[in-house]
Every structure is written in structure tokens, then in C-alpha cells.
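Just so you know, the protein sequences line up as chains A, B, C, D, E and F, in that order. Using the numbering used here, read the first sequence as starting at 1 and increasing by one per residue. Using the numbering used here, read the second sequence as starting at 1 and increasing by one per residue. Using the numbering used here, read the third sequence as starting at 1 and increasing by one per residue. Using the numbering used here, read the fourth sequence as starting at 1 and increasing by one per residue. Using the numbering used here, read the fifth sequence as starting at 1 and increasing by one per residue. Using the numbering used here, read the sixth sequence as starting at 1 and increasing by one per residue.
Everything labelled a hint here was simulated from the structure, so no lab data went into it. Because the structure is a prediction, the values reported are computed rather than measured. The beta carbon of each residue, even a glycine, is placed where N, CA and C say it ideally should be.
Partner residues are not named here, just some residues of chain D that face chain C (Cβ under 8 Å, in silico):
{"#": "1", "residue": "33"}
{"#": "2", "residue": "38"}
{"#": "3", "residue": "53"}
{"#": "4", "residue": "97"}
{"#": "5", "residue": "107"}
{"#": "6", "residue": "121"}
{"#": "7", "residue": "123"}
There are 6 protein chains.
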Amino acid sequence: MATIKPPLNPEADLRVKAVFDDIRATRKTDFINNFWKALANDPALLARTWGLVKATMAPGALDALTKEMIYVAVSATNQCNYCLASHTEGAKAKGMTPEMFAELMAVTGLANMTNALAGAYRVPIDKEFL
Amino acid sequence: MATIKPPLNPEADLRVKAVFDDIRATRKTDFINNFWKALANDPALLARTWGLVKATMAPGALDALTKEMIYVAVSATNQCNYCLASHTEGAKAKGMTPEMFAELMAVTGLANMTNALAGAYRVPIDKEFL
Amino acid sequence: MATIKPPLNPEADLRVKAVFDDIRATRKTDFINNFWKALANDPALLARTWGLVKATMAPGALDALTKEMIYVAVSATNQCNYCLASHTEGAKAKGMTPEMFAELMAVTGLANMTNALAGAYRVPIDKEFL
Amino acid sequence: MATIKPPLNPEADLRVKAVFDDIRATRKTDFINNFWKALANDPALLARTWGLVKATMAPGALDALTKEMIYVAVSATNQCNYCLASHTEGAKAKGMTPEMFAELMAVTGLANMTNALAGAYRVPIDKEFL
Amino acid sequence: MATIKPPLNPEADLRVKAVFDDIRATRKTDFINNFWKALANDPALLARTWGLVKATMAPGALDALTKEMIYVAVSATNQCNYCLASHTEGAKAKGMTPEMFAELMAVTGLANMTNALAGAYRVPIDKEFL
Amino acid sequence: MATIKPPLNPEADLRVKAVFDDIRATRKTDFINNFWKALANDPALLARTWGLVKATMAPGALDALTKEMIYVAVSATNQCNYCLASHTEGAKAKGMTPEMFAELMAVTGLANMTNALAGAYRVPIDKEFL
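Let the sequences and hints guide you as you build the complete structure.
Now the structure itself:
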């Protein structure tokens, strides 16, 4: 199904094992989802991508749930089916209620609508925004 | 500059005036930004779009700032220049700090990156997500 | 301003001149818009692109105005500023009224909104549509 | 399969039933497609979205078939699989012939191609278009 | 599964047969992939599209493998599942190694990330680039 | 012009100075383009983004010019004006000729066209590609 078959035993490569171990420790779970297995074909890309995800998604000025919802909004805009499946679950696990999901959807849909309108009307930016 | 020149005196049309009055009352400001003036060419589209924005962006299960940040994330993904200018200001007005903006950017950028990767590898959805 | 400066005198290349002459004859105007001047840097790409535009945009099962409006809808979705400027003018020249433009905008905005929703909910395709 | 399982008996909620009844009356069919069932998780989002679809897709300055084809063009650009399935059927039901579909595809494909070219060459907008 | 069922015996139409014969001759294979069968519903669109593909993808100033990889990068950005399946195979057939694929992915992911950042920050173009 | 004004003297922050020094050393130039100055508002995001760019764009299984051209193809698809300006210059500096640019454009345009077609026809993936 995947474009590139992931390695049968990815953790035989110690660089992959180190990343997978860190994913398990960071997320406090044994579950490694298919995205990481796909990237295991290239340990350098895997390590860089996980490093970026770990640094970016950790709670900071924004909490972890807000970050997951932003991820879902981008993934809906890009029609990324896998990312929608995984990050909606991620957001639910971090506390997103059905009401929050519905509002996330409403804002994401609205933004896509008005983006097209503002683009098509070629609305000049108000001096108040500069 | 705009595709369609907005009417010179849009509020001469009472349907437009009613919408602009509601924008001013809802936002507690006299400022009507160019997006609404552009839509004033078609009072029906203006009224429907404002109705949707008002209902969607009101605080509910998600607070108003989170909604603005979701808007910015979608607008960055779609490269909507006007929307980025207006909604970043909107988010700042609702309390977004520079640190929050930087994290919003980091998550938005990361999601666009991993969306492309998950799509290209055609990663099968884990049964755990179904 | 452009990424690649167009040639100062593009029609000195006879392959470019042949295309420009055909554009003028087909459109019954002396005006060659900047898109074609930009492509004149590569006469083969210019000739192939114009050939495709000429064959595709000619009225057939769909009339010329409907085709221009479809072009605008796609360009709004992609945020292509130049294409929005040129094809909105093209549609107006072919008879698009302000009312038609407003409805074109409304449908384009709506489709972008519901595309995001259908993607994010990962709605299964009804067996009735298969 | 869906991100959020739709309610088993959505019309037990009277707000959902009212929307579904209006869909059936407007479309003169008993068939409620999965998109609306997915949105039934949030009756407010369902009602707003249906209200917008009903107002936007009704024939006006543009006929209903032209509107469906514009929808398909946007959905192809966004790669929205569900929307392509449902709105291509919608267009066929409103009279789209195979010849019209082929021309719709040709224009949609061409616009996506030239959008990328105009963007990449950063073509300056002709003064004639301003 | 497809939006429009391809004709059962497409080569009964001699215009389709001519294109399919040229695909087989150009690619030195008997295999006609489903994309071309889908387009066979409209022989004119099929012929124009194949003509463009043949002219564009032939090695020239860029070699055939580089062209396939550019195709994959665009298809990943657009989330075109079919195109990712077919053109990744095309690139492998032309010599793309797993290491090259991983770097293609890395650049494609990075470009999508920084596109969003540059858009959102509305970075002014340096005078050095003009 | 920018959404967020870059700091007046970004290198007063030693974390920013370290990144800028590395950009200058890696690229063997004193020129720091505006993208990096914009990111200097958040030294952590700046450092992570530069680290990713440096690791990803270094020549490896793909040469530096091929990587720049892939970047341009993605940026054209996303309509990222800044990225098109900067990375087209980057590609020229690494040896891209006008003929190569024209072919890059041709492939990028074609891929965007056929992506839309394959999506809209919902072409099933050939078993030969699985």
C-alpha cells in the first residue's frame, strides 16, 4: 500500500532504534505509528523529523492540545488523510471534546472559504494592518 | 488594485449598512476592514459571509484567540496574504504574544512538512486510529 | 519584478512571433499580456502552452464564459494573483455580470469550505455515488 | 472509517431532523448523503453549513449545473475525494454530459498548470488589468 | 471506483488507439496505466494531454530522472495519491535509489514548511533578488 | 510590510548571531536574506529551521542544484512568492541555465495539471504500481 515498503525489522538499525526508543519514552507508550516506520527507510531523515516534531509539539507558550488542533487545521486544508487520522486521535487523547472538534472544523472551513474570497477579490491590505 | 472596485458609498445600500452596523457593534469599533467593503458589491454574499463569521468566531468550546490562531494556520497554508495580515492582527489584539506566534508558526510549518511526507510515502492508516 | 526578465524584443525570434501573431488573430486584439511575454524566454514552452490554451478555451460543449469562470474558481483556490487579475477581466469581457461574479465567488468559497470539512471528517463515499 | 463516527440515529435530535427534512424537501429525494450525517455530530455546524449550501447553490445569476461544475473544479484542485464523488454525480444529475465533463476537466487542468507558471515567473499584472 | 468508468474497449476508437500505440512505442512497454484509460473517455483531451506529457518529459536540459522527481515533489505537495504511486515507480525505473528518494522527500517536506513560514511572516523580497 | 517586524539589531542576541555566523560560513557570503531576519524574532525557531535547511540542502545523493529546483517546483505549486524569488536565484547561482529553468517550469506546470485530472477522475491505482 505504501509507496516504499518500510523495513521488516527497522530497529535492527541502531539509529532507528534510538529514535523509536525516544518516541516511546516521550509519548509514554509502546506504540510506534506507521509514519515513523515509513521514515525508518532513511535513518537520517527519521532522526531529523522526529527531532523537529519533539521540539515543536512540546507544550510551551501554546499548550499541547492547541498545537494538535492547529495540526488538524493544516492537515484538513492540505487534505492529508493520514495526518487527519493520526492528529485527530492525538487531539482527542489530549482532551479535545466533540464540541471543540466541531468548532475547530467550523473555523477551518470558514478560513478556507474566506481565503478564497480575499484572494479572488484581491483585497488590498488595510493601512491599519501594516 | 482590487479585482472589483468596492462601491464608493457602500452604506447607501441599507442591506450593507445593516451588516456594517452589526460588524461595528460586535467588534466594538468603527473600523470596517477592506474585506467587508469588497464583499459589499453583493449584499447577499456580504450578509451570509458575515453571519457565518460572527457565528463561527464567537468564543464557545474554543476561546476567541485559539480560533484566530487556527485561522492564521490555514491562511499560511493557503498563502492568503490579506488574511494573514488581518488575522495576525486579530490574534494579537486578542492576546497572542510573540512567543505564541512563534510556536504557531513552528507547528504550522511542521504540519505542512509532515503532510507532504505522509502523502508521498502513502502511509497506511494504523488500525489503532480507526 | 518578474523572476526571469522577459526578452526586450521577443518577436525577434520568429517562433515567438508566430505564437504572438496567432494570439492576436485568435483574440482579435493587438494586446499581448505579460504572461505570454514571460514565457517567450522559451519558445517551445510558449508554443506548447498557447496551443493548449487555444484548444482548451475555445467554446465547445461549454461556452467561453463558463470556461473563464471555472478558471477563476481554480485560480482563487490556488491564490494565483496574476491569473485572478487576467481571467476575471477575461470573464467580464465575455459577459460576466457583477451578479454572476458574486455567485461565482460564493460557490468557490463554499467549495473550499466543504472540501476542508469533508476531508477532515474523512467522510466515506456513499455507495450511491459509486 | 470516518474520523468521528456519525450518530447512529441522528434524527433523534430534532435540530438534525429539521435540517434533514429540509434537505429532503429541497432536493426532492429521501437520500441523505454521508457528508450531512458526519456533520450531524454538531447540530449547529450542520444547520449553518446546510443553510449556506442551500442559499449558495440555488440557481440565480448562474444556473445550478454551472455551480456544480465550479464545485467540481475547486474540489479537483484541492484533491477532495469525497467532494469529487458527490458533486460529479450532482452535476450529472443536473445534465452534465460526458463532453461537458471532459471540457470541465480540460479547463481545470489547464488552470492548475498556468497558475503554477504565472506564480513561478512572478508575472507582473498588466496595467490593462488594473 | 473511478468518477467516470473508462470505456470497456477504448482502442475501438481509432484516435485512442493512435495515442495508446504512441505511449507503447515511446515507453517501450505494452503497459497502459489507468490514467490514460480514464482519459480515453475523451479522445481529444487524451491526445492533447499525452502530447504535452511526451514533449515535456523527454530528456532535454534536464534528464528524465530529474523530471520524474520534480513530478513527485509537486504531487506530494498536492496530495495526489495516484500520481505519487505512478511517478515514484517511474522515478525508480529511471534509476532513483532509496537514498535519492529520501533526499527528495526531505527537500519536498522542507520546502512545504518554509513556504508556510515565508508566507505567514510576509517576508519582503530582498532587493538582492530583484 | 512584514507581519512581524524583525528585530532592528538581531545579532545582539547571541543565539541569533551564532546562526547568522553559520549561515555566512556555510554559504560563503556576508548576505543574510530577509527570511532569516524574520525568524530572528524567535531564536529557537530560527536555530531549528536553519539546522534543518543546512542538513537537508547539503549535496548528498542529490546534488545541490537538483535540490534547489525541487524547492522551486514546490514553491510554484504553493504560490510562495518570496520562496520563488529566493530559490530561483539560488538555483541560478548553482548553475541553472535558462533552458533548465524552462524545463523545470514545464514539468511543474504539467504535474499540477495532471494532478488535478487524476484526482478528479479518481483513477484507481494500477496493481502494477502496488
